[in-house]
Structure formats: structure tokens, C-alpha cells
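Q: Sequence:
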Amino acid sequence: MSSFKSISGTFDILPEGHTSGGDSIAPSRIWQHAEAAIRKVMGMYGAEEIRTPILEPTELISRGIGQLTDIVSKEMFAFERGDTHYVLRPEVTAPVMRAYQQHHLDQKGGVQRLFYIGPCFRAERPQKGRYRQFHQFGLEIIGATDARADAETIACAVDVYRELGLNDFTIRLNSLGDSESRPRYKEALIAYITPFADQLSEVSRNRLETNPMRILDTKIEKEREMLRGAPILADFLDDESRQHHEEVKAHLTSIGLTFQDDPFLVRGLDYYSRTAFEIESDSLGAQGSLAGGGRYDLLSLELGAKQIIPAVGFAAGMERLIMALDAANLIDIPSPRLDAFIVALGDAALSWTFPMAHSLRENGIKVGYDLKGRSMKAQMREASRQNAKFVIIVGEDELVAGAAQVKDMDQSSQRSVPFDQLASQLTN
RNA sequence: GUGGUCGUAGCUCAGUUGGUUAGAGCGCCAGGUUGUGGCCCUGGAGGUCGGGGGUUCAAGACCCCUCGAUCACCCCA
Numbered sequence: 085m086s087s088f089k090s091i092s093g094t095f096d097i098l099p100e101g102h103t104s105g106g107d108s109i110a111p112s113r114i115w116q117h118a119e120a121a122i123r124k125v126m127g128m129y130g131a132e133e134i135r136t137p138i139l140e141p142t143e144l145i146s147r148g149i150g151q152l153t154d155i156v157s158k159e160m161f162a163f164e165r166g167d168t169h170y171v172l173r174p175e176v177t178a179p180v181m182r183a184y185q186q187h188h189l190d191q192k193g194g195v196q197r198l199f200y201i202g203p204c205f206r207a208e209r210p211q212k213g214r215y216r217q218f219h220q221f222g223l224e225i226i227g228a229t230d231a232r233a234d235a236e237t238i239a240c241a242v243d244v245y246r247e248l249g250l251n252d253f254t255i256r257l258n259s260l261g262d263s264e265s266r267p268r269y270k271e272a273l274i275a276y277i278t279p280f281a282d283q284l285s286e287v288s289r290n291r292l293e294t295n296p297m298r299i300l301d302t303k304i305e306k307e308r309e310m311l312r313g314a315p316i317l318a319d320f321l322d323d324e325s326r327q328h329h330e331e332v333k334a335h336l337t338s339i340g341l342t343f344q345d346d347p348f349l350v351r352g353l354d355y356y357s358r359t360a361f362e363i364e365s366d367s368l369g370a371q372g373s374l375a376g377g378g379r380y381d382l383l384s385l386e387l388g389a390k391q392i393i394p395a396v397g398f399a400a401g402m403e404r405l406i407m408a409l410d411a412a413n414l415i416d417i418p419s420p421r422l423d424a425f426i427v428a429l430g431d432a433a434l435s436w437t438f439p440m441a442h443s444l445r446e447n448g449i450k451v452g453y454d455l456k457g458r459s460m461k462a463q464m465r466e467a468s469r470q471n472a473k474f475v476i477i478v479g480e481d482e483l484v485a486g487a488a489q490v491k492d493m494d495q496s497s498q499r500s501v502p503f504d505q506l507a508s509q510l511t512n
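Per my numbering, the very first residue in the first sequence carries number 85; after that it's consecutive.
Hints in this document: simulated from the structure, not taken from any laboratory.
In this text the structure is predicted, and so the values were computed from the model without any measurement.
By construction, the Cβ of each residue, glycine as well, lies at the ideal position given by its N, Cα and C atoms.
A portion of the hints provided could be inaccurate.
DEER-style ranges, computed between Cβ atoms [unchecked claim]: (1) S338 to D167: 25 to 35 Å; (2) K89 to G313: 46 to 56 Å; (3) S338 to D96: 38 to 48 Å; (4) N471 to Y129: 49 to 59 Å; (5) S419 to G130: 29 to 39 Å.
Turn these sequences into a full structure, and let the hints steer you where they fit.
A: Structure representation (C-alpha cells):
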């Protein structure tokens, strides 16, 4: 046994799955199952995959997400070598926008629909549904201001969950306004909250200075009560944002998606403007947020573009998705069957096994055999354990006859099949 | 960063008010069947009882420290 183990907040994904403490890590085939559904749905939206590096310049993330956000101020895995500051990406939106600008994807004309699946890193204390290396998938629609793009983003996320059979989630929606209306709202909010300042928690009091809108997110009951009479962002929206928000809602309604209009929904990343949304599982625990996203027209400028590149997107957690699947009993995916397992007896048969297995595999037959030189009983048991459909038995007699005994493991029936007919007999 | 809970076999867990060689089920290996899986029977391997220190004639049990895991706060996917 190794004295090493995976770093806290990270985990291995094994063929059979396992429990890591109280949390269960699904088998790799469940991850593949979920990823296949994601790829399928993304395909329906005409989105193509983008893969960006896990390592990014720190500056990209801090400028993109915002210096004062928790992600940047305390949750980044960052280091430097020489003059370069590196960070393990904590999310993928800023890297995608970086790639879009770097490769001048706007010059291709039209709108880019890009999706991704991959690991992200945040130096948080791990807990259920929250890891230091976790996996996100998401869609970014870049180059469109049309409210249909916002609605489409939400619809796409929802379609992924539905494709996998999940239906118990809630969509919360808000508009954060634009760079004009938001400051006006912030002022009003500060004016409203300041008289209560001495009753606030320390975090909230700090936020009053740095990022007052995040106080809206508070879960402290006393503060929520205090906020009951607070000014509502919706009342401060500029006409265009208001119009845009109405359109997004109308589009969602037009495809029968129900949502909660939540004026207190604020996202933890600074780059959002106008549309912000969150999809929450109804059956998960504290970490029930399945996906989040919104419009981030201003991110492009933050990253150095000369003009606004409008964009909307969502990011979703693979771990949360799988947790939700698990909670809904939707991860009962059987492992793939072996078509044939070769049982060999005697040295001559043992060496015959290798080229025969190879030849069957070339014919598209999934073949396994014992590599430990074990007894026939043990080989049969192994075949059974691997759920092989057929067992090919070869010993001295079969080598002489040039025909193997082929046993149908489900029927328990057995017949003799000439070596040169094994491939064709096993394929039908 | 803060708080709670928990560390005994590969896994899930028993282990009396401290008392000899630490147990069960499942899994694994072998035999029962000299060439036939599942079911059954028999046997076996596998443990520095997370680590260190202390109390005691005696510690898996009690005390302290430490490491780890986990849940929650915070935050987010």
C-alpha cells in the first residue's frame, strides 16, 4: 500500500466507483454517460467544443472575475516562476473569452457557440459537492446581444439535465442592469443599508464597502429581514436592460420554461451584466447550485478588447450533476459486457491465447483472458465476474482438433467451434 | 479562516464498567469437482485498532497532542 494519497479536495474516478468518506464517487462510466449527454445536447445547439489550458495567467483571472471576489482574493491556486504568474483556472469563461480574442474568432463572422468540459481548481475547504479540483461544463454564446441567446443558454443547461432524466430543479432569474444603472442602484442600496450597519455581520459590513450588492445574497435571517424593505434592482434598470430582461422572460415562457424572478439573485463574479441566473437542485443539500450563468458583455473590455464583444453563458458542476443523478436514482448504468473470455489450459494453449485474442479483437470482439496462469475454475470465475457472454475453452484436445469449446454463459450451453470460425460465430 | 462529528481488515461495521492470541458480514484466494462460472460447504490470506505521548499491573476503549476524513458556516459549480 502506498503511503501517498490524493490531495485533500481531489478524488480518483475509478471503474467501479467508491466512497471517499461519506461522499460517493461515481464509476467512470457514469461520468462518461453524463459527458455523452452533454455532448449530445451541445450538438443540438450547434455548439462545438473548445479546450483551453488549465494553466492561465493570473492577471486574466483577476481582471476577468474581479479582484474583490472571493474566488480571486482567497481561492486561487496561484504560483510564479520567473516573472510569470500562473493560476490553475478557477472557471472557464474568462479563458474562453481570452481564446476568442487571441484567435480573432470574431473574424469568422456570425456567432460562436462554444462548449467545454474540464477540471477547475479552487482552494476552498472541501465539503459535500465541493472540491478543490472539480469539473465544470458550460456553454458560451459569443457575439450576440439578442435576448434569445440568453434564453438559449438557460434552455441548453436545462436540456442537459432533462436529457439525463432530471426534472427537479428551479431556475432563478434576475437582471443586474448595465454599467450605468448598477452604480445608481448600489448607491441607493448603500443608503438603505448604512443605518443598519452596526447590526450587520462582519462579512456583510465589509461588503458594504467593497461590494454591497453581494449583501443581497446573505443567508442570515436577521439580515434578510432587514433587506425586506431594500430598494429593488429592477426599479433602477435602464430602459434597455429592462426591455432585454422582459424579452428573455418572454422567450423562456414561449418554450414552457418556468422560472422565479428573483431580485436578490447576485452572482459572485464581477463580469456579469443584465441577465443572471442560477439553476438549483430541489433535492441536494447545502451545495445545491447545479449551474449558474448570465450575460457578460463587459468582460471583453476588461480583457483588452477595443469594443464590446457581447456574450452569454452558463457554467455547471459535473459533481453536482452526478450527485443529482444519484439522488434521483438515475446512475444505474451497467458496465459493458465482454463478448468473450478465453479459458486456456496448459502451456501450449496459454500461448495460443494471445494471437487468438488479438485476432478476435481485430474483428471487433471484446475479449478478455486470464493473465495469472490460474486454474480453470478460477478462470471461469473471472469470466463470470467480467460478465462475459461467451467463454472460449482451449486445452490440449482442442488444439489437436483445431476447434474450441464455446460456452454460452447465459444459457450454460456449449458447442465446438473451429478456430477459423470463432470470429464469425461470435459476431452474430 | 471558523465550528461540529468521526478514524478498528479491501468495503460496511461489532467490540460490554479498561482484562489473555481483536471479531462478523461482504469481497479476495484455495479446496470440495484430476477440464467448466453463479448457489452451497470447508479452509486461508489480510489489521503497528490513523500517528505520538500519558494514566494504569493491564488501553482498541480513558486523558492530552497531532494527522486525516467528513458535514456545516463562508462562498460557489
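Q: Next, verify each hint and record whether it holds.
A: Hints and how they fare:
| no. | hint | in the structure |
| --- | --- | --- |
| 1 | S338 to D167: 25 to 35 Å | 52 Å, violated |
| 2 | K89 to G313: 46 to 56 Å | 51 Å, holds |
| 3 | S338 to D96: 38 to 48 Å | 44 Å, holds |
| 4 | N471 to Y129: 49 to 59 Å | 36 Å, violated |
| 5 | S419 to G130: 29 to 39 Å | 33 Å, holds |
Of the numbered hints listed earlier, those contradicted by the structure are 1 and 4.
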